[in-house]
Structures are given as C-alpha cells and as structure tokens.
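We have chain A; now place chains B, C and D onto it with these hints.
Number of protein chains: 4
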Amino acid sequence: MALNKLLRPGLIQLRVLDLDKTLNFYKNILGLDEVCRTSDGRVCLKTYDEFDHHSVTLRLADTAGFDYAAFKVDSPETLEEMKEKTIKFGYAVDEVPANSNQPGFGKRYGFTICTGHRFEIYCDVELAEKGPQIKNPDIWTTPPRGMRAIRLDHFLLYGPNIEEAERFCKEVFGMYSPEVCNLPDGKRLATWLTSSNKPHDFAFVEYDKPGKIHHIGFYLENWTDVGNAADWMAIHRLKRDIGPTRHAITRGQTIYFWEPSGNRIEVYSGGYTAYPDNPLRIWDSDMLWRGLFYYEGEMLPSFLEIVT
Amino acid sequence: MALNKLLRPGLIQLRVLDLDKTLNFYKNILGLDEVCRTSDGRVCLKTYDEFDHHSVTLRLADTAGFDYAAFKVDSPETLEEMKEKTIKFGYAVDEVPANSNQPGFGKRYGFTICTGHRFEIYCDVELAEKGPQIKNPDIWTTPPRGMRAIRLDHFLLYGPNIEEAERFCKEVFGMYSPEVCNLPDGKRLATWLTSSNKPHDFAFVEYDKPGKIHHIGFYLENWTDVGNAADWMAIHRLKRDIGPTRHAITRGQTIYFWEPSGNRIEVYSGGYTAYPDNPLRIWDSDMLWRGLFYYEGEMLPSFLEIVT
Amino acid sequence: MALNKLLRPGLIQLRVLDLDKTLNFYKNILGLDEVCRTSDGRVCLKTYDEFDHHSVTLRLADTAGFDYAAFKVDSPETLEEMKEKTIKFGYAVDEVPANSNQPGFGKRYGFTICTGHRFEIYCDVELAEKGPQIKNPDIWTTPPRGMRAIRLDHFLLYGPNIEEAERFCKEVFGMYSPEVCNLPDGKRLATWLTSSNKPHDFAFVEYDKPGKIHHIGFYLENWTDVGNAADWMAIHRLKRDIGPTRHAITRGQTIYFWEPSGNRIEVYSGGYTAYPDNPLRIWDSDMLWRGLFYYEGEMLPSFLEIVT
Amino acid sequence: MALNKLLRPGLIQLRVLDLDKTLNFYKNILGLDEVCRTSDGRVCLKTYDEFDHHSVTLRLADTAGFDYAAFKVDSPETLEEMKEKTIKFGYAVDEVPANSNQPGFGKRYGFTICTGHRFEIYCDVELAEKGPQIKNPDIWTTPPRGMRAIRLDHFLLYGPNIEEAERFCKEVFGMYSPEVCNLPDGKRLATWLTSSNKPHDFAFVEYDKPGKIHHIGFYLENWTDVGNAADWMAIHRLKRDIGPTRHAITRGQTIYFWEPSGNRIEVYSGGYTAYPDNPLRIWDSDMLWRGLFYYEGEMLPSFLEIVT
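Residue numbers (the working numbering), protein chains in the order written: chain A, 93 to 400; chain B, 93 to 400; chain C, 93 to 400; chain D, 93 to 400.
Pulled out of the complex, with its shape left as it was, chain A reads as follows (with noise of 0.2 Å):
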C-alpha cells in the first residue's frame, strides 16, 4: 500500500531564444536558483523549496517550446512495470541512461503519447544541495526572491487525441481526473489530470497540431503572492495574457503572461484539495471560459490561438 506510484512532474525541458535575457526572468524574476550547465550549455534550476535536484532545464534553440516532462515514480520496480505498461499501451519506449543529459538524475524511459509530447518517468535523482532543511527545518534559509514560485506545478498540454492520452494517464500512470470539459456530442475537450490532491498535475486541451504547450505553472503561497506577482509583471513590462484572477477549474488564483523566450508562464496559488473519490466536475463546452476565467466570463482568443 502506498501513495500513487507515480508521484509528480519533477522535470520540465523547455526551448529559450535568448538564454541570458530569459534566465534572468527565471531567476531574478520568478525566484529560481541557478542549479548548475551542462556541457552542451543547458541550465538546471529549482525553486528554493524544493528537494531534489533541479525541476526546469532551459535549452536555447531556434523557436520556444516543450521538449519533454519527466515524472518521478516511487521505486525501481514501478519504473520498470509503467515501461511494460507503457509497452503494452501502445508506445515506444527509449532509455536514458542515469547521468547522461540532466545531472542528477537516473536512468530515465521516454516515450511519446499521442498528443505528441515526449514524456519521461524515473525513479532516481540527488538530492539538491540547496533545498529545504531537514533537521529542525527553518520554513527558508534564504529569502524567496522576486515572484516566489514554491515549486513547479503544473503544465497544460495542447495535441491531438486527448481523450486517449486521458485513458493512458489513467491506466499506466494511476493519476485520475477532477474535472473534464466536454463538447455538446459528449467528445472531450479538456482533460484536468492528478497524481495526487493537487487539483491538476497537468492538463490536455484537444489541438489538431502536436506537441504544443500552452503554459507553464508555477506555485505561489497564496492570493497576496499572486498581487506580488502581478506587480513584478508590470515593473519588468512582462507581456500579460490574463489575470489576477480565479480559475472556476481547480479554484485556483492566477496570472498568465510570457516569459521573454514566449513561453506562457502561470503563477497559481490555491485551488482544492482534490480525492479520487469526489464527484468529477462537468464543464460544458459554452461554459469553458467561465471555467477557465471566473471573474471575466469571456474567450480570450489568445489562449486558443498562442502555444509554442
């Protein structure tokens, strides 16, 4: 008996233009540290409150975008069983091997979904040298900078067939959904996924282009953080797509902007404490916008027509 087996989006790989201008919004601006390069000049960093080695690699490259989410499963055996599993699925599976292109990190398996991002599952990674105390913990030892992003939340997914990456995250991955949208004929349109009490680990839109992601989310403490977070958006003329305001979906508080690469960045605070148990929630396909911007009740055409 044990939590789920798959516990959490612990890696992000995302694509930058200009790797100094955008590290400085990732660490002066949203609070990241700086955890290490590789040698083909990626960068690792992590919120201050997290454990384990670094959550985000930043990689330059021609257009902006989503390379690849890893998830941290519980133990050696599971990695193992979600392969097979992801075998039988349906999927290709690869090997990376430990050490090889995140330091830090185990050996991990990739493959790629229907929707067409790549997605990686591991069960080792180091410790940060960096994270959370232990022994008699101070709530922080250095003081959360800038934005104060908690950790790394969430993503939102745009591709194709999402109701089958919805079964394949359910039946190989054990995570299962809070809330779903669906279009008049019953086909989904939006799927809200977790692995946990969290009201979403990641989410898929139904997109006819694969491999697009729309945003990014990092965690805040609460609604004072994301008025914060507002203010250093204005002060650095972030471009804003949304917000502050709520999410009906998952309760949450938010902004939605980019980063100076065009990634969409959330910050998000709150949102339910979500059981597998309680009833899913329905959203119909004319009230998504209800759902997504509470306080607006509107289409915001950007966020249908802007991923990368």
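Don't read these hints as lab results, they were simulated from the structure.
Among the hints, erroneous ones may be present.
The list makes no distinction among identical chains, and a pair is therefore deemed to hold if it is satisfied within one copy or across any two copies.
Unchecked claim - Distance condition first, Cα-Cα at most 30 Å in a straight line; then the derived BS3-like pairs of lysine-lysine:
(1) Lys222 - Lys119
(2) Lys279 - Lys227
(3) Lys227 - Lys304
(4) Lys113 - Lys222
Quick look at chains B, C and D alone, frame taken from chain A:
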C-alpha cells in the same frame, strides 16, 4: 494503481457539554452546516465545501472529548483487506452496520489502537445534499460564514505507545510521516502522519493517559482567514490557547482556542505539499517548541497539560 | 489649527432603475445596511463602519446616474465661510434646510460646478444608530457581509473644464492633488483630489458632456477582500469592467463592475498615504492607461465610453 | 485652508549599542536603505517609499533609547508660529541650524515636553535621491527587502504628566485623539494622537520615569506582510514581545519584537481611517489589555516593564 487506499479522516465524533451553546459555535462561528440529528439526539455537521454526508458528529455527554474518528477507504475490497490486516496487527475489530448510528454512512469496522483511541474505516457514504456543485460549478453557492472552515483537516491525539501507533498507520493504513520529533534517546515524542499530500491527516504525541484528544483542526483558505478567525474568536470571547502563529512543523498558519465545551479547536491554513519521497524532517525534542510555535519559540504549558 | 476644514465626501445620491434588484446588490452583495426610507421612496444606506447617519441614498428614476455629492465640513463657521467663497468663486448657492430631504442631515448648501455636477456642503449630521462602538469597542459587532465594504471612499466625475473644477477644489475646499495627468499641450486630462491622507476623495476626467459619473468607489480592507469581492461579482454574474488589478495612480487594488442599474462600482483597497508636501506625481496622457491599469497597461474602451 | 499644519513625524533619532549588528537589522531585515553617515558616525536611513532625505538616524551610545523625534510642518510661517506657541505654552525652545547635524534637513526648533521627550519641528528637508518615482511612476523600482517596511509610522512614549502632553499636542501641534484610556478616577492612562487620518502618529502612556520610548512603529502593506515579518523575526531569532495579533485600539495588525540593541520595534498594518469629527473612543483601564491585544485579552508584563 491508485492513490493511497486510505483516503482521509472523513468523520469525527466528539463529546460536548452544552449542546446549544456548542452548536452555536460550530454553526455560526466556525461556519459548519447542520446536516441532520439522530434519533438519540446527536447532531451531524459538515463544512460548506465537503462532498460527503457529514464530517463532524456532536454527542451530549458529561465530559468533552473524542469518541472516535472514521477514515474513508477507496473500495469495499480495501475495507475488507484493512480489516484483516488490523486483526493480524493485533487489534480486535467490530462491525458497525450501515446507517446504524451515522446517517448516510455504510458499514464501518472499528477497533481501538494502542493509544486508546477508537478508529473506524468505511468505504461507502452518501453524498451530502448541499455539497459543492459538480456541473459547471460555482466556487460556492451559500456564502461561507464566520471563520469559513473549508474542511475537517486533521486532529492530534495524545496517548501511550505512539511508536506502535505510527507503525500501525504505516503498515495497515499505508500512511507516511513527513515529520517526527525524537527524544534524546531516540524514542518518538511525536509523529505526524499523512495519507496524502497534506502535511498531516493526524498526529500523535506520547502521553501516559490513553484516548485523549488535543485538538481538532479545520482548514481555512489562507493567513488572512486565520486573521479573520482570530477576530471572531476575540469578538465572541472564546478562550484562546495560542496564535495567530505559524508552525515550523507542517509550516501551517494557525490559531488554537477552545470551543464552549472545552474541546480545543485549531483553525489552520497553508502547510507545505508533502510527498512520501521527500526526506523525513526530524525535530530534536529540545527544539520541539520552536517546531510547534515558530514565532514564540517557547514552551506553552497549556499545550502539554490540557487535553480532553 | 485643525485638519482640513472640508473633511470628506459624506453622502452621495444616485439614481437607480430597479429599486428592489439594485437594493439587493447594495445590501446583500456590497454589504451596506439600510438605514431608512424617505417619504418619497428613496432609500438611505451606510456601511457597517461609518459613524454618520447614512452615506448613500438611492432614488428611483428613468436613468441611472449622479444626483449630487455632499461633503462634510468641520464647523458651522466653515460652512458659512465656504458658502461665501463659493459665491465669490462664481457659483450660485442654494440652501437645503435641515432634515428636508436627507434624514438626519442638518442644513446643506448646494451649487453646481463647471463640470455640471451638484456638490453640497454640510456640517451637522446625526450619528447612526448602528455605527461602530465607541466604549471599549469591538472591531465590529454585526459581521460584515458580502464584499464587506468599509466606507464610501471616492468617486470619479466626467465633465467639461476640469482645470476650473480643480482650482475650485483647491481654493474653496482646501484640497490638493497628489497626481494629475496632462495632455501633450499641458492641459489637464485628469486630476485626483484629496482633502486628507487618502490618495483621492474624488477625481475628474475632462469630458465634453456635463454631469456624468464614471464610478463610485467603496473601500475594502485588503487585496484578499478584493479577491473575495471578485468571487461575489462572478457568482452573482455582475457585469465586470476590469480587474482585479492595480492602479499605478493611487496604487490602489481594484475591481470595476456595474450594479444592476448600470452605475459603475469600484471596490478598492490599499493606496499610498498622501501628504500635501509630497511631490506631485505627473502622468503623460500616453501613459495614462498604464497609470490606470498597471497590470494591463492598455486602453479599455468601455472605461472611456460608459458613464452614467 | 489646508491640511493640518503639522504634517507628520518625519525623523526619529535612536541610540543603539552595536552599530553593525543593529544596522544589519534595519537594512537587511526591516528593509530600510542607508542614505548617508554623518561625520560623527551616525547612520541615516529611510524606507524605500519615503520621499524625504531620511527618517531614522542611529547613534552609537552606551544605552539604547530615544534621542528625539522631529515633526515636519507645512511652511516657514507655521514653523515660526509653532515656535512661539511652544514658548507660550511654557517650554524653552532652542534652534538647530540647517544641515548642522541631520544631513539634508533645514533649521529645526527643539524643546523638551513634560514627559521628558525632546521634540523638534522643521519645514525644510531635501528630497531623497532614491525616493519614489514621480513621473509616470512605477510602484517601486528596487524590490522591497525583508519585512518590507513602507514608512516610519508612529512611536509610543512613556513619561509623566501625559495630560499636559496631550494638551500640548492639541493646542500647539493641532493634533486630535481618536482614542484614550482612562483610569477609574478619570485620569488619562494613555492617549493616541494624530495629525492626519492615521489612527495615531504617536501615543503616550503615563509612566513615572521621563523620556522613555516603548516602541517605534513601521508600516507594512497588510496582514500577509505582518506574517512575512514574523517569519523573518523567527528565522533571525529576534526576541519577540507579542504578536502577530491585532489591536482593538487603532485596529492595527501587529508584531512587537526587539532589534539587536534592545529598542522595541513594531511592524504594523491596517488601522481605521481616523477623522476628527468621529466620536472619541474611550477605553476603561481595566479593558486596556483587550484594547491593546485584542486576541490575547490579557496583561503582558513585559509591555509595561520594558522601555528604553
């Protein structure tokens, strides 16, 4: 594969001395809704945001205190499996038939653990008539009242032999400890246990008298609501124990006070997101007061001495 | 020696279209208390935290909008002195006898300024029966409701010739401007005026039609209450204009929406503490949108076009 | 016509014991900026949000405590007028020439009032180089640090004959008392005095020893920042007196603690908006503890006994 099979503490039955005065507290100050009364005069209550039938039952008695706590599990199979494991662990199990004394609840199994507390497990409970919406849901429908309690969150039990109790919760309930406090000789003084990402579902403190409860914790949205709760406490002249303050343990923000019957209530917010793979946080017993009351950093005699 | 002789805007009379529906908003959503009704059917209201008899009067009419605002001054001597100064400034003054149409209010002098708005001044008003306590006071006695408005805070008027209006407010009312917005030719586009340490008691925007009101602002305790107000706005499907956001001008945190009769309401919190010796903050008209909506930084057409 | 001619407490000079350690507190924990040092080794500081040259001067000495507080008035005419009134009131006045010992400050007049405290008045002071922006201003430019103090807000003085001191402040400074606390025989035990809409600019408590200071209060943005300040206090092991709590008097939200030299610091937020026409709030001395510490409602001996 699933989340932990033991979902959460779903019900607590408390003894109270003055039903009217105490009910006024739970309903109009703490903000719970009365769901129903039993034929023997007990009162069933829930928060505005809980889905299940009720979560708190008050029983008129000559002494205040803890009758039992009941935990929801994920399936009938788990219910039988945990019953068997409990018997194997060495505790005698009795059966409470469906709807026999808690309206809306299915069959429960009950047993007394080494600390002298009765625990129960169940898998079936009816949904409340006035739970959160599930179709294109608003975030609430009837405005939260008073202290605006969101859910029954956790409780702290005092009793003997908590090392065995911790072992029971891990082996039979599948829980884990994010934090513990040890005496200089390495013996447990206190342990926090969770079945989820909450930093605790309940906790134990080693104590020579069995079956005691230290407090029942209700969740609030944020530190601002902790301040609001303190205003209500002051205006209604409720006897305060400590707070508003922060725990270093769990990092929650909190106030402790006594309801009119003398049961200690905590209103609690925040707290980190716990994961079973995070390092165990260990407190030395001579640092426990700082762990409990991060701002005061000092012993509070009432906190040791007053239990019900 | 005394504080400014003009104390504050103490009363506003508004026209509304549907008295029942609109009253429901002011009482149960914004959180005002009904104080009394006049013989001609107007309704007098106040916030829970105001001492004086009432601060808002609603009058049923065919169009929504502004009837007049009345300002409390510190003494009968000031009342007569300001009357004389107003006449000297060039505005005709009429007298409204005590208790003639605003219950509890003493004699008022009224006049129409160049922007087409009627202003009144008075020095006597009865204390409300249900004002804040004054003997060993609790912070409140009846719990604040809904959006929990603390006081009538300010209003924004649209009309012609605001330079003269600003001069009137300085010379006759003794007010000062903490911030102004100028067109490229140096002409005033907008001016904020205060008689106190609040960043504004009211403001003017240059506009070709006289006598228009843009919004009435009510004060909330903090940004968390601005979020709470946004929840109420969403749940009750009030039409939103903008927010939650922050003004750079005044630094207030805010939402704008319309009450059921179409008067725009602002719920506002924070803002700096103004002093008359602080440097004047000057906005260029091409930066005004950033000044108004610090997070959006963009023009909001409705904000220019919709007035009542 | 103008606001009160005495604008605010603009400067306080304190004695400290260990300049480096104490400066570290004021700069890196409380969040003040060092403006300059004087030729005799004193250090001048200000908050990020104050316009004037500096507001706090620290002087190395053998005992901690209060040297003097200086108040800004609105004009050279007021300066001379208040000097004359002070002499008439019966206090000897001396003159401190411009720039003689407080860089950036014009001529000051000083005098010792009956409580044994030296007060000064001035009308000229240079603007700080790093004050808030005034042309299309951002809300801040350098991020607020640590406890994020917004301004020198108020102080509490202990000394004899506070009835005379209150009379002086009303007659000469033009201040008013929003709240007082009286002994059963009707004698003042404490009085809060303001020259503005703040609930207090300073306060007096009757005490047999002259010239004592109880605490210096700095303003924070809100209750969430009071919580943040408490985290900083705990992490840096500053000795706490009381809080986070709320005053019923002024309604402020607060913590008291000692800086490294032993001067008591209050970080304070909220508080009602005071007006001179509001009814005087009167506290009976046997209710004073509830007035001071609304949540605790009990005597705190250190609060009476420890002054510097």
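Status of the hints after comparison with the structure:
1. Lys222 - Lys119: For Lys222 and Lys119, the Cα distance is within 30 Å both inside one copy (15 Å) and across copies (25 Å).
2. Lys279 - Lys227: between (50 Å within a copy, 16 Å between copies)
3. Lys227 - Lys304: between (42 Å within a copy, 29 Å between copies)
4. Lys113 - Lys222: Both ways: Lys113 and Lys222 sit 24 Å apart in one copy and 26 Å across, limit 30 Å.
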